[in-house]
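Make a model of the complete structure from these sequences and hints.
Quick note on the numbering used here: the sequence shown kicks off at 1 and runs consecutively.
Source of the hints: derived by calculation from the structure; they are not laboratory data.
Note that the structure is predicted; figures quoted are calculated from it, not measured.
A hint or two may mislead.
To be verified - Here are the simulated DMTMM-like cross-link-like pairs (lysine to aspartate or glutamate), alpha carbons at most 20 Å apart as the crow flies:
id, residue 1, residue 2
1, K223, D51
2, K166, E135
3, K227, D54
4, K219, D51
5, K223, D72
6, K127, E220
7, K227, D51
8, K148, E135
9, K223, D235
10, K122, E216
11, K122, D72
12, K104, E93
13, K127, D70
14, K166, D132
15, K148, D158
16, K166, E145
17, K104, D72
18, K223, E135
19, K127, E216
20, K122, E100
21, K127, D72
22, K127, E145
23, K143, D132
24, K122, E145
25, K122, D157
26, K122, D235
27, K219, E93
28, K143, D157
29, K127, E100
30, K143, D158
31, K166, E144
32, K223, D54
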Amino acid sequence: MLIQWIIIIICIILLFILLLKLIKRVIITIFLFFFIVLLALAGLSYAVYLDISDTINQMPTTSFLVLISDQDNFITGANYIPNTEQPEMLNSENITYFNEQYQKGNYNSFLLQPNSKWITIKIEALKPYFSDQIEIGNTLITKEEYLKYLSSLTPFDDIITSLSNKSNIKIPLNYSSSNMTDSSSIKLMILMMALKDEQLMNLSEPQQVIPFFLSEYQKENIKIYPKTITLRLLDLVPSSLVESILSATTK
1 MLIQWIIIII CIILLFILLL KLIKRVIITI FLFFFIVLLA LAGLSYAVYL DISDTINQMP
61 TTSFLVLISD QDNFITGANY IPNTEQPEML NSENITYFNE QYQKGNYNSF LLQPNSKWIT
121 IKIEALKPYF SDQIEIGNTL ITKEEYLKYL SSLTPFDDII TSLSNKSNIK IPLNYSSSNM
181 TDSSSIKLMI LMMALKDEQL MNLSEPQQVI PFFLSEYQKE NIKIYPKTIT LRLLDLVPSS
241 LVESILSATT K
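Below, the structure is given as structure tokens:
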């Protein structure tokens, strides 16, 4: 009887040891799995950082179209062409055309030149960088006012009305019929005046642009076409990990 109990105790001890070894292996395996996954995600995040950095560095020599959207509609934009001093402003007809093509899913129509790219930026991504006020015709316009101009179908009329009310001088609405009254051109000029963070728009300083770009890209406030492989994989990377990689690479 004693021998049987001894055998049972020995079997229980051996079973316990085997279970401990099995649990240890499972824990090690899980740890290694998560370590490899985190390492892969970190590598992917850094690859995306390098990819975006390369894209930004190529912008001065690459044709690219930038479109600003508000409530899923393009409101203004510009076409950047290499070796030109100023970008080509898009007029209202261009914006209407791109809105129609976007709704149809004809994304290739946005590629105006060989090897070119197009970028869409939601106005929500730019609002934190807007000035509290801008000056138009020696008259101060508040942020609340010029945001209304950006969402208006008739920004020129709204600006003239506002200036007339502030200065008590009646300005005729047919004051001009050139590009000055084109809604897309007006909105682009307002955006350029409103953006107070010059470093954000300075493409010669990628370390300033990349964190903004990646952060807003993950929020779907920025889109780029055609996508690179690394950008397609970016959705797999948690935003917290991307922020960690950015803070490490931008120091």
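Each hint tested on the structure:
With a C-alpha separation of about 14 Å, the suggested pair K223 and D51 falls inside the 20 Å cut-off, and the hint holds. In summary, the hint linking K166 to E135 is supported, as the alpha carbons are separated by about 12 Å, within the 20 Å threshold. With a C-alpha separation of about 13 Å, the suggested pair K227 and D54 falls inside the 20 Å cut-off, and the hint holds. Annotation: proposed proximity of K219 to D51 holds, straight-line Cα distance about 18 Å (limit 20 Å).
Simply put, K223 and D72 have alpha-carbon atoms about 12 Å apart, close enough for the 20 Å limit, and the pair holds. Proximity of K127 to E220 is assessed by CA-CA distance (about 15 Å); at most 20 Å being required, the pair is judged to hold. The suggested pairing of K227 with D51 holds, with an alpha-carbon distance near 11 Å, which does not exceed 20 Å. Between K148 and E135 the CA atoms are separated by roughly 15 Å; this keeps the pair inside 20 Å, and the hint holds.
For the given pair, K223 sits about 12 Å from D235 by alpha-carbon distance, which is consistent with the 20 Å threshold. For the given pair, K122 sits about 9 Å from E216 by alpha-carbon distance, which is consistent with the 20 Å threshold. Of the supplied pair hints, the one linking K122 and D72 holds, its CA atoms being roughly 8 Å apart against a limit of 20 Å. This hinted pair checks out: K104 and E93 have alpha carbons roughly 17 Å apart, not beyond 20 Å.
A C-alpha spacing of about 11 Å is found between K127 and D70, which places the hinted pair at or below 20 Å, so the restraint holds. Taking the CA atoms of K166 and D132, the gap is about 18 Å. The hint holds against a cut of 20 Å. Proposed proximity of K148 and D158 is supported: the alpha carbons are some 9 Å apart, at most 20 Å. The suggested pairing of K166 with E145 holds, with an alpha-carbon distance near 12 Å, which does not exceed 20 Å.
Using a Cα cut-off of 20 Å, the hinted pair K104 and D72 holds, with the two alpha carbons roughly 14 Å apart. Of the supplied pair hints, the one linking K223 and E135 is violated, its CA atoms being roughly 31 Å apart against a limit of 20 Å. For a cut-off of 20 Å, the pair hint linking K127 to E216 stands: about 12 Å separates their Cα positions. Only pairs whose Cα atoms come within 20 Å are accepted, and K122 paired with E100 is accepted, the gap being roughly 17 Å.
The suggested pairing of K127 with D72 holds, with an alpha-carbon distance near 16 Å, which does not exceed 20 Å. At roughly 13 Å between alpha-carbon atoms, K127 and E145 fall within 20 Å of each other, so this suggested pair holds. About 5 Å separates the Cα atoms of K143 and D132, which keeps this hinted pair within 20 Å; it holds. With a C-alpha separation of about 19 Å, the suggested pairing of K122 with E145 holds against the 20 Å cut-off.
The hinted pair formed by K122 and D157 fails the criterion: a straight-line CA distance of about 24 Å is larger than 20 Å. As the CA atoms of K122 and D235 are separated by approximately 18 Å, the hinted pair is consistent with the 20 Å bound. As the CA atoms of K219 and E93 are separated by approximately 29 Å, the hinted pair breaks the 20 Å bound. The hinted pair formed by K143 and D157 meets the criterion: a straight-line CA distance of about 18 Å does not exceed 20 Å.
With a C-alpha separation of about 26 Å, the suggested pairing of K127 with E100 is violated against the 20 Å cut-off. A C-alpha spacing of about 14 Å is found between K143 and D158, which places the hinted pair at or below 20 Å, so the restraint holds. A distance of roughly 15 Å separates the Cα atoms of K166 and E144; the hinted pair therefore holds under the 20 Å criterion. Between the alpha carbons of K223 and D54 the distance comes to roughly 16 Å, so the proposed pair stays at or under 20 Å and holds.
Of the numbered hints listed earlier, those contradicted by the structure are 18, 25, 27, 29.
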